[in-house]
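Using the sequences plus the hints, can you model the full thing?
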Amino acid sequence: MGGGQDLLSQKYGVEPIKAQEFFEPTLVDQYEAMVLGVKQGSPALLLERITYTLNDRPIELCKGVIRGDRCRLSVELLKREQS
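All letters in the sequence shown, in the order written, are residues 1 to 83 by the UniProt record's numbering.
List time: in silico PhoX-like cross-link candidates among lysine-lysine, alpha-carbon distance up to 25 Å:
1. Lys-18 to Lys-79
2. Lys-63 to Lys-39
3. Lys-18 to Lys-63
4. Lys-11 to Lys-63
Honestly, the hints are just simulated from the structure, not real lab data.
Below you can see the structure in the form of structure tokens.
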């Protein structure tokens, strides 16, 4: 997974196994507009990710707001090997 997950594993001994991401259209509020350099009410994409350990214990929650005029999503789907 990389990034913060490596820190969780190395520093705290917590092994992230899976993550679930949610994408949702939204409109930016006053603070988000100021930070992103857009007008309040501009369209954006809200991203939320929850990372879990092997026993489904949530260990990380990340939220982000992405400008609607500057985002591109790419999804790759792979067939899982059956065990």
